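Colleague: Residues per chain, in single letters:
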Amino acid sequence: MVQSLEKGSVRQIETSSIVYDTQKLNLWYGNHHALKNIDLQIKENEVTAIIGPSGCGKSTYIKTLNRMVELVPTVKTSGEILYRERNIFDANYGVEELRTKVGMVFQKPNPFPKSIYDNIAYGPRIHGIKNKKILDEIVEKSLRGAAIWDEVKDRLTTNAYSLSGGQQQRICIARCLAIEPDVILMDEPTSALDPISTLKVEELIQELKVDYSIIIVTHNMQQAARISDKTAFFLNGEVVEFDKTDVIFSTPEDKRTEDYISGRFG
Amino acid sequence: MRYVNHEAVVKKMNKRLMVNGIFKTIFFAATLFALLVLGVLFYRIISQGVSYLTPEFFQNFGSRVPEKAGIKAALIGSIWLMCVVAPVSIILGVGTAIYLEEYATKNKLNDFIRMNISNLAGVPSVVFGLLGLTIFVRALALGNSILAAGFTMSLLILPVIIVGAQEAIRAVPQDVREASYGMGATKWQTIINIVLPSAIPGILTGAILALSRAVGETAPLVVIGIPVIVHFLPDNLLSQFTALPMQIYDWAKRPQEAFQYVASAGILVLMGFLLIMNSIAIFIRNKFSKRY
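Those protein sequences? They're chains B and V, same order as listed. Yeah, the first sequence ends on 266 if you go by my numbering, and it's all consecutive. Yeah, the second sequence ends on 292 if you go by my numbering, and it's all consecutive.
Derived from the structure by calculation, the hints contain no laboratory data. What you are looking at is a predicted structure, and each value in this text was computed from that prediction instead of being measured. Careful: at least some of the hints might be erroneous.
Unchecked claim - With a cut-off of at most 27 Å between alpha-carbon atoms, the simulated DSSO-like pairs for lysine-lysine come out as follows:
#, chain 1, residue 1, chain 2, residue 2
1, V, Lys253, B, Lys76
2, B, Lys76, B, Lys36
3, B, Lys132, V, Lys187
4, B, Lys24, B, Lys244
5, B, Lys130, B, Lys141
6, B, Lys76, V, Lys106
7, B, Lys130, V, Lys187
8, B, Lys141, B, Lys200
9, B, Lys108, B, Lys141
10, B, Lys209, B, Lys141
11, B, Lys101, V, Lys187
12, B, Lys200, B, Lys108
13, B, Lys133, B, Lys108
14, V, Lys108, B, Lys108
15, B, Lys255, B, Lys43
16, B, Lys209, B, Lys153
17, V, Lys11, B, Lys76
One chain only, chain V, in its complex shape (with noise of 0.2 Å):
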């Protein structure tokens, strides 16, 4: 006796093809939404700020007249930004991770540190605001100057960074670690001399994703009391400045229709400046990564 009747078999075919073209079409309109959304935006921004995109632009400091606007210091300030961020977040987060996974015995304590770093990674990080105004702007009276802005920001993006070099570093295959300590390498030796080579594409990938993240995070900035006009360039670590989100946001919010086509223009400055980082991560992932 058979057990699978070919006939009924052939006679439902249609109905089951059918529902497997509902599903499809279902999934393919999810995506198709979420495309439109972005194009529209994109459509928008692009529209209105292009315009404003002047050579101008780049070279003027903030203003009330819309046409004299310029994103001069909001461009430097975050570039400065990134260069307390960048230092102080990769160290910080490759050197936890290099501990947790080489060092770290396994033990209660350090479960439970790693299982904090990864709940970390969701606080809010208008949280990681009031952080850095009570410890870096208050407590250390480092005011809203880049470093104490830099420090807040580096902590906010440092779960982030530090799961991302864990992971790099777990996928670095334990058989040539154990060839290396099987020729009586030590723990330093192995780490610098094979783990962080092979580890280095996935740990920069991930920290330059963070780096961008931290770039276009605006409500630390709200927090810390970053100004929003500011008519000159920092000249150190101390001095006070503001940042892209930080001058987008306060176009985004004025009266003047005029000022959404300049915040546009931001946008479309900040995005530039994301898309470039992006693409350097995805150039060094290319470029170093090495095949097991």
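In isolation and in its complexed conformation, chain B is listed as follows (with noise of 0.2 Å):
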């Protein structure tokens, strides 16, 4: 993977650019080595996807990028990831800060059982915003940057259980995006959805890369395909190859990425 990074023009990106500049990352289950080696570097504004066989490590390791993954409890880490340059598992870096900063939407569709507006409200008001007037602005553009505010502009008081499995997903989405963070991570997030909601979900995918850096793990590779800028392919923990997504599924490297992508294992 480095060899491919410093043939090609990416090698030259600059440091500023980087968000996520992850090296020589191991992680282990109690004695499960279930990610090993992992050199990675995360460009801003762009999508990353990660694809790869279940089992292969891939959810573990976007969950190590905001440290969901230490909710487990016999997690232990070596080696580094630094977030904008800075050491996330540096002793003195607040779970609570990253996550600030590093949103997350999950596999299932999981809203909290209170009223959309609430929804999209929790995330600011656990850091501190009260202002009604302010919120009420969040909430509206959370929800605009997730393309369901005209869905579920008048029923802002319903609770968000009574809205479609795609609905809910975008309203995690929004209530993501009212935190304002500058990385979004994505876990599977259209994996519970019937096609239409998935493919409003890669739309919005599209726009939101704009303004923020989205790392997306999927076991769809054609949906890979279509809406990242970069692959990485991760097989029992290690990170096969890692380059532009054109590059990955028209002139693979290495024999394994190649068999994979054509559906010969996996």
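Grab the two chains, each in its own frame, and use the hints to assemble them into the complex.
Modeller: Given below as structure tokens:
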């Protein structure tokens, strides 16, 4: 992977445009070595897709980027992840601060059992915004940002659970936008959605990358090909190949990448 | 070749259906037996007690004359007792449950604590009475006051409340917690905004059922030495008092036959008290429970 970076023009990116610089990251669940020597640089305002078969560590990796993986008590890590040139594992780097800058959208839509309004206002509220007018503005802006404002603007006080699965997922994306993050992590955000909802979320991702850096885990290779600028292929906890998406899908360097994207395994 | 001989199956079918019918009857009889005993008990208590259930019964203090005996002191005493038991046991119980479920890391010590809380729920109430007598009545010199009895009853139902609250907290799906953490919320913000609102119906239902147990418990009160004939109402938490089960226990053991009827009337009052508390629990569960 490093070789491919050096050969192309990608190497010349300025450090300031790198949001995440992962260096020699290892991660264990108890005795299970889930991530092995990961080196990965993620640029801002791009969509980076992470693909690979089940159990390859792609979800683990994305959850490490905002340290959600530490909710599993047996997790141990080594190596560094520099977010905006600061190591997120530093003892004085609070997870709450990191997660305010790095939002996350989960595999299954997980709105709170509250009104649509309260779902979106949750993030700003926990970070201390109480002014009703400002909250109103954030809610509208976030719902517009997630392309769901027109569908829900007349029923902001209804419970978010009354929405369809696809709408719920876009509410979750809006909720994530409400904390005005720098990076959005998406862990298979469309795997629980029907094709039409999936299309809507994919279009949304294209719009969002203008303002945000997006890292998306997907088990759907066509999706990665459609929406991402860069693709990383994970296998057994290692990064096999990382390059521009069109390169990965047309002329992959590694035989295993080729086998995977042509559907020979996984 | 076929392994299932359909003709033989048909032949044996009657016998199989008969065995099925026999077991159904046995299980129905078991249910009926319990219901029947309960029905007889209810009938006896109501037929004996209802004639004593007059307005005077609620206005009179205890008396040596059955016709003048009333339940005022015991009823008011039980309400005072609940005013101590409810806040003490709910605050301590829910706090413990939150710590164990949300904050405590998984290690041997915490596993040991968790296991023993469940075991504590099975300790006989008379043992808690002795504990209360030693600590609250004697060591802290609270005497046989409302406060001493309230603390003892709180200890008695604490394990039940903790276990119930733990289950209610555990039932809150992990993914909404993750959503909250994922936005930079602290543990406490997640607990107060996400976990507790969802868990509160379950917590309160468990707590009220535990409180109804405290209303009906007699053994700890006997051990602490709660008096049975009280001719005044308590005016502060250190007052002496009596409670419904004590009063009923006293009436039931008296030799005069009329007092058996008075005791039945007392039981009716106690059951009414419990019925109201359980209705509140059901109301809370239906009103506030949320779907996931």
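Colleague: Now look at each hint and say whether the structure bears it out.
Modeller: So, going through the hints one by one against the coordinates:
| no. | hint | result |
| --- | --- | --- |
| 1 | V/Lys253 with B/Lys76 | violated (66 Å) |
| 2 | B/Lys76 with B/Lys36 | holds (12 Å) |
| 3 | B/Lys132 with V/Lys187 | holds (25 Å) |
| 4 | B/Lys24 with B/Lys244 | holds (21 Å) |
| 5 | B/Lys130 with B/Lys141 | holds (17 Å) |
| 6 | B/Lys76 with V/Lys106 | holds (15 Å) |
| 7 | B/Lys130 with V/Lys187 | holds (20 Å) |
| 8 | B/Lys141 with B/Lys200 | holds (18 Å) |
| 9 | B/Lys108 with B/Lys141 | holds (24 Å) |
| 10 | B/Lys209 with B/Lys141 | holds (16 Å) |
| 11 | B/Lys101 with V/Lys187 | holds (18 Å) |
| 12 | B/Lys200 with B/Lys108 | holds (16 Å) |
| 13 | B/Lys133 with B/Lys108 | violated (31 Å) |
| 14 | V/Lys108 with B/Lys108 | violated (33 Å) |
| 15 | B/Lys255 with B/Lys43 | holds (26 Å) |
| 16 | B/Lys209 with B/Lys153 | holds (24 Å) |
| 17 | V/Lys11 with B/Lys76 | violated (65 Å) |
In this structure, the earlier hints numbered 1, 13, 14 and 17 are contradicted, and the remaining ones agree with it.
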